[in-house]
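Based on the sequences and whatever the hints tell you, model everything.
Heads up: the sequence lines are chains G and F, in that order.
Sequential numbering from 381 applies to the first sequence in this note's numbering.
Sequential numbering from 388 applies to the second sequence in this note's numbering.
Don't read these hints as lab results, they were simulated from the structure.
Bear in mind that the values here come from a model prediction, so they are computed numbers and not experimental data.
Take the hints with a grain of salt, since some may be wrong.
Computed cross-link-like contacts, EDC-like style, restricted to lysine to aspartate or glutamate with a CA-CA straight-line distance of at most 16 Å [claimed, not checked]: (1) G:K617 x F:E522; (2) G:K517 x F:E690; (3) F:K440 x F:D450; (4) G:K433 x G:D390; (5) G:K504 x F:E522; (6) F:K532 x F:E504; (7) G:K512 x G:E560; (8) G:K617 x F:D478.
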Amino acid sequence: MANSLQARLDALREWQNADGGWGYFPGKESWLEPTAYAALALHGEPAADRAWKLLSSWQMPDGSWRPSERVNVANWGTSLCVTIALARNEFGAPLRQGVAWLMGTAGVETHWLGIWLARLHISKADRDISLKAWPWKPGNSSWLEPTVHAVVALRQAARAVSLDTVARRELAERVRIGEEQLWSVRGRDGGWNYGTPLALGIELPSYPETTALALVGLQGHAGLAPAFGIAEGMIAKTPSALADAWLAIARRLHGMNAPETAAEQRPDIMVTALQALAIGGNWKLLQAGERT
Amino acid sequence: MNSGRREFLAVAGAAAVAGYAGFRGGRSAGPQEVKAPVQKPLAGAMSQVAVVKAASYSHEIADAMMRGILECGLDVTGKRVLLKPNLVEFDFNTCINTDVAVVAAALDVFQSLGAEEVRIGEGPGHRRDTYAIAELTRYRTEVPKFDDVFIDLNRQDVSVVQGFADRKEFYFANPVFEADLIVSLAKMKTHHWAGATLSMKNYFGLVPGSIYGWPKNELHHIGIPTSIVELTRIFGPKSFAIVDGIVGMEGNGPIQGTPKPVGVMVMGSDLPAVDATCCRIMGIDPAKIEYLQMASDILGVTEEARIQQIGETIQSVQTKFQLIDEFKHARLA
Numbered sequence: 381m382a383n384s385l386q387a388r389l390d391a392l393r394e395w396q397n398a399d400g401g402w403g404y405f406p407g408k409e410s411w412l413e414p415t416a417y418a419a420l421a422l423h424g425e426p427a428a429d430r431a432w433k434l435l436s437s438w439q440m441p442d443g444s445w446r447p448s449e450r451v452n453v454a455n456w457g458t459s460l461c462v463t464i465a466l467a468r469n470e471f472g473a474p475l476r477q478g479v480a481w482l483m484g485t486a487g488v489e490t491h492w493l494g495i496w497l498a499r500l501h502i503s504k505a506d507r508d509i510s511l512k513a514w515p516w517k518p519g520n521s522s523w524l525e526p527t528v529h530a531v532v533a534l535r536q537a538a539r540a541v542s543l544d545t546v547a548r549r550e551l552a553e554r555v556r557i558g559e560e561q562l563w564s565v566r567g568r569d570g571g572w573n574y575g576t577p578l579a580l581g582i583e584l585p586s587y588p589e590t591t592a593l594a595l596v597g598l599q600g601h602a603g604l605a606p607a608f609g610i611a612e613g614m615i616a617k618t619p620s621a622l623a624d625a626w627l628a629i630a631r632r633l634h635g636m637n638a639p640e641t642a643a644e645q646r647p648d649i650m651v652t653a654l655q656a657l658a659i660g661g662n663w664k665l666l667q668a669g670e671r672t
Numbered sequence: 388m389n390s391g392r393r394e395f396l397a398v399a400g401a402a403a404v405a406g407y408a409g410f411r412g413g414r415s416a417g418p419q420e421v422k423a424p425v426q427k428p429l430a431g432a433m434s435q436v437a438v439v440k441a442a443s444y445s446h447e448i449a450d451a452m453m454r455g456i457l458e459c460g461l462d463v464t465g466k467r468v469l470l471k472p473n474l475v476e477f478d479f480n481t482c483i484n485t486d487v488a489v490v491a492a493a494l495d496v497f498q499s500l501g502a503e504e505v506r507i508g509e510g511p512g513h514r515r516d517t518y519a520i521a522e523l524t525r526y527r528t529e530v531p532k533f534d535d536v537f538i539d540l541n542r543q544d545v546s547v548v549q550g551f552a553d554r555k556e557f558y559f560a561n562p563v564f565e566a567d568l569i570v571s572l573a574k575m576k577t578h579h580w581a582g583a584t585l586s587m588k589n590y591f592g593l594v595p596g597s598i599y600g601w602p603k604n605e606l607h608h609i610g611i612p613t614s615i616v617e618l619t620r621i622f623g624p625k626s627f628a629i630v631d632g633i634v635g636m637e638g639n640g641p642i643q644g645t646p647k648p649v650g651v652m653v654m655g656s657d658l659p660a661v662d663a664t665c666c667r668i669m670g671i672d673p674a675k676i677e678y679l680q681m682a683s684d685i686l687g688v689t690e691e692a693r694i695q696q697i698g699e700t701i702q703s704v705q706t707k708f709q710l711i712d713e714f715k716h717a718r719l720a
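What follows is the structure, given as structure tokens:
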């Protein structure tokens, strides 16, 4: 396992771009997502400091982070940057602005007009749209993966940042609703897909990577053992290095052992970083802490 | 004229100025400037669409595909070609994706026709692990040197287009700009929101998940028909369509429908004409498909009398697809 971890960390060090970030693939431009996961995998090393310096320069005036230097769009990856700031014990304005942006962001389906149209049966919704969760980008509906990372980041922030009583209560409430939304979009097969159990009233299948991610978002919740079994069963049938890595992280976050990955090592930086997080000890940086 | 068409025309007026000319090239990859495509007046124009029979996913597909391409007069000599299959997700019980035999045949055919480079690119809209889907669909095992030629369009460096429907800017992966020709290797399927998903709708996979997420919800908020038309406006002029109708999908497509053998491939450079022809083969009235109505006479020809059918006639291969209740009104009379 030590060799497997070392090989992945060495690869990440080798693939780091001159600007301090990582692309999705070696030699490509730096993007927030692979940079964030690689920075977490290499946390404590100078490489992670260089990465954070780059990511810090991508924060936008509204507190959100852009997904890359050239893309001028507020992005769900803000949650990952909040998690990194907290891991680095950087509690200043960038962190607070990032948290504030997450608190002010929700899927557009929760707009009061949409809720009333659904209540009056003028429009149909395949999920409970009264539950505020997070979109990939503002102006879109909420989906599973951005919600998972926002829940983790806000739970971490609630634990680490000094807040007044009102702000702490608001933050805890937003997390509670986000977690409830994750439960509400669980598929009837017991797993999760990208965030809706139905389309036009017809059941949709779950996927292993999104089921594993939901388990990351529902840290500390009871009754999830069957979901682990479902994710493992899906991975056995449909091999996915990404799903395998997220499931290993989820198992560790739920206090379980994780078998070493059997997935081939590909020059895929995001997957390599997630595998390194799962194998090494830095999966702890995704621990959400006690539920409030 | 319905509201969708009016909405598109309003957008197109502004967008036609921006269009390709508004493309802002990348810092290191991708072209710095792309000239606006010549706007051809479509009123009265004719288009060619080839319908070739292919009874099964056998080695004969490559010959049938070659015949159709040559009959359409497509010249790919020296061009950089990007094959864009419909690779969505996998279910052992149905046929969601462009069959691997069609993808492998296209790679072989375009290489043998003298393309400078042939690559395969896709950005699935539901599953993040594109390579896992490629494994399940046998792309990785049956397409020669798949890992060397494949590009995950969800996670590439990007460049921006100025103007996409009501969005000021929209991002796409650089490989779609770098290609001289994009081949929409679509699957002939019904679609529970759009009516039918064919060569035009297949371009949803050109939109990068790294920015717009999984699913690519931005396109739903813009409006599915408008998004389909906008993608065709931007990439249609350098496109060729090959629709895999050897076995299509009927009913609750594009994911949960049932296989429907038709035994054809439908090809052409005019994407709306190809899709309108596919609709007629499926027993769907293209005039009832909103995005085809919006694109008609602006981006392509959809009127049957103005499509020169090469190869098989529509009547000889027509196979009525089962339609969900929401699209029963679209049944071809």
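Hints versus structure:
1. G:K617 x F:E522: It holds: about 11 Å lies between the C-alpha atoms, which stays within 16 Å.
2. G:K517 x F:E690: 39 Å, violated
3. F:K440 x F:D450: 11 Å, holds
4. G:K433 x G:D390: 21 Å, violated
5. G:K504 x F:E522: Given that 16 Å is the threshold and the Cα spacing comes to 36 Å, the pair is violated.
6. F:K532 x F:E504: 14 Å, holds
7. G:K512 x G:E560: 9 Å, holds
8. G:K617 x F:D478: 11 Å, holds
The structure is inconsistent with the numbered hints 2, 4 and 5, although it conforms to all the rest.
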